[in-house]
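> Chain by chain, the residues:
Number of protein chains: 2
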Amino acid sequence: MAPSAKSAAKSAAKKSSGSPLCVPLPELLPLAGVRLGAAAAGIRYQGRTDLVMVELAAGTTVAGVFTRNKCPGAPVDWNRAALKKGRKARAVVINAGNANVFTGKIGAAATRTTAEAAAELVGCKPREVMLASTGVIGEVMAVDKLVAALPALHGALAEDSWEAAARGILTTDTFPKGAVRKASIGGVEVTLQGFCKGSGMIAPDMATMLCFVFTDAKIPPEALQAALAKGVDTSFNCTTVDSDTSTSDTVLLFATGQAKHPRVPAEGGAMLRGFRAALSDLLADLAQQVARDGEGARHFIRIDVTGAASNGSARRVAKVVAESPLVKTAVAGEDANWGRIVAAVGRAGEPADRDTLSIAIGGVWMARNGTVVDGYDEAPVAQHMKGHEIHIEIDLGLGRGKATVWTCDLTHGYIDINADYRS
Amino acid sequence: MAPSAKSAAKSAAKKSSGSPLCVPLPELLPLAGVRLGAAAAGIRYQGRTDLVMVELAAGTTVAGVFTRNKCPGAPVDWNRAALKKGRKARAVVINAGNANVFTGKIGAAATRTTAEAAAELVGCKPREVMLASTGVIGEVMAVDKLVAALPALHGALAEDSWEAAARGILTTDTFPKGAVRKASIGGVEVTLQGFCKGSGMIAPDMATMLCFVFTDAKIPPEALQAALAKGVDTSFNCTTVDSDTSTSDTVLLFATGQAKHPRVPAEGGAMLRGFRAALSDLLADLAQQVARDGEGARHFIRIDVTGAASNGSARRVAKVVAESPLVKTAVAGEDANWGRIVAAVGRAGEPADRDTLSIAIGGVWMARNGTVVDGYDEAPVAQHMKGHEIHIEIDLGLGRGKATVWTCDLTHGYIDINADYRS
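Chains as they are written, first to last, in the working numbering: chain A, 996 to 1418; chain B, 996 to 1418.
Worth flagging that the hints you see were computed from the coordinates, not collected in a lab.
One should not assume that every hint holds.
Said to hold, decoys possible - Stretch-level coverage of chain A by chain B, calculated; a stretch enters the list once three of its residues show a Cβ under 8 Å from a Cβ in chain B:
(1) 1063 to 1075
(2) 1312 to 1324
(3) 1328 to 1334
(4) 1349 to 1362
(5) 1365 to 1375
Here a beta-carbon is modelled for each residue, glycine too, at the ideal position from N, C-alpha and C.
The following block holds chain A by itself, in its conformation from the complex (with noise of 0.2 Å):
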């Protein structure tokens, strides 16, 4: 595997090229409840920090969504199994670097090494504490190093330490990405913030997505579960960059319970619409921002499907479609090669008919029914294509389902992330 300066010297690569689709960071004030920091461990990475703590109020209940890949990290195994036993958390430890994934027996000793480490600094029991590691798959993590590291990081915890923490768990993330919404709960306003990384759905070397989101609201674990897996099936599940699912795929929310608002029912239910609502919205905005820094993008690309004869049916078609090779070369090319499209479209495997087929790309609908639109001008179309926010339309003309996914461009920088390790 790629020794830590070469990672070190192609991370700096890729910041220095400067992305034109870098979102900036959102003020990200204190939240009650929550205090956090980051450490420079030095478990792969040198002159940066590596290693993310935050330590959450009593009663803090928790909430997590992890990836379907069948070979799980050890870190995923953990929190699994912690969710499982109760669902309140008083602390996270995140590092970057190495995912602790394929690593076998050692992989699960150091998890409970890490979790048994920081629930003694914290004062309460392993199994709330939640973990998260991303980096190289398959080899042993320095556990030694990231222990020796929590005294004084827990040490340090402070409230307005978010920045840090945004940034300590990036991999080939060219920016730190976080979002804040309000909402209200029985008429009293409650803040949900978060942060997350990306950049490539997985590469083991260097990147998973990891996401964290905090609320001060009062939410019972089985209304914050169903509100949380309700907002990632229409963010991150609707996010590509390129298809590989990763081994440590995370999302954990947590709810302080420090809002004063009346008492939310163990269902959730109609009191909770405003905060599922902003929650979805929060994560729909950072899985965004995971597209717009995917590895080497230099287009963000919308795909809305439309017509489809299930709103599951309009997905899987998008997601063929945001994973195309050709499709995306040709953004990146700025080529609005809709043929590609078609073909993709063709090959979903879902129900789709040639002759009931319409495209657009940029508002410009090319292609009709089947056909190139009589007189279709490339022109404006092309100016689009110019552009770093690439929109793309596609009706099937079958039913009424429809779904919006987001991805990017395929790009030499991709290549050059990716592949370009002995050169």
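Dock chain B against the given chain A, drawing on the hints supplied.
Relative to chain A, chain B alone:
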């Protein structure tokens, strides 16, 4: 879409780069009942042949396998309809440069015009003319140029123009692809030979997978179709360049019936055992040539999956690995990154267990039963990665299912060919 001058320049640029994976065209000798030729019709390309015609002896039977893409090209529609009416063929007309896909009624009319023109020259019914087109999608084809070039082309058909035909159907391919096999039917030797093109599974501007195989055997159409379907299943259906299934993929098999062997029963049966084996072997040879000439390919990759729950499951796992951009870029970078293989296996949606999973590259088992092999030495694997033929073995440790898939790496060359139109 890219003007033809640029296309030609790109094509030439790729050719001059010299694929390390090139396979020399074998000697293709005359085959009884087949006359063929190529001409420059100027449909899209300038200064090269782009139109191929084959005339077949009276009584020739035909079998076909076509794309499963739901947006098939007009020639695929034509062939399907023709084969429904009868399993005899007297001619094939193939053009490169325009795929005649997503062209609506005009496209359908173009296929009829072409078939009628060829039928008149040959003296057969239009439905005895098979068609195939490869090239740009969505542009109306210059069928007038095609038809105008047919009489002279037909007049010059010859028994020994196999290489000209193999070259005339190419698009982004860097070398012509052909194969020959012998088989025995009832003690009499018969010949099978054919040619095909790639070179992305699809690249709508330039490519589509087309394959034409001929035999002098006399085989009833049902048995011919069964043999072809079986052979395609273990050859072209096990090959992937970029996962983008074409709108035009076509494999046609013609049996001219000129060989003097005992009569083959309608269902084929044991008498065709040797023929079927030779056909499958020939198709596998051609399919591997397509992967070797994948757009931008620098490494040919063979992926063997064993220990799967079923053969189908093994193939799906192998395909996900073969299509993983991260695995393909790792091979391009000559990086023995088995962590990416683990991740791809895990997301394939097939039965898999991290703790029984083993992985080898170049015959060296680097990971066994869910963790890295004790004392794993990367040196011999790194040496293997520097070669042009990469062998990946994956043992799922679950059952007896197995499959082999062939692919190539994902390189800057692929991006050059598919994205750099405007640079």
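> In ascending order, which of the hints set out earlier in this document are inconsistent with the structure?
none
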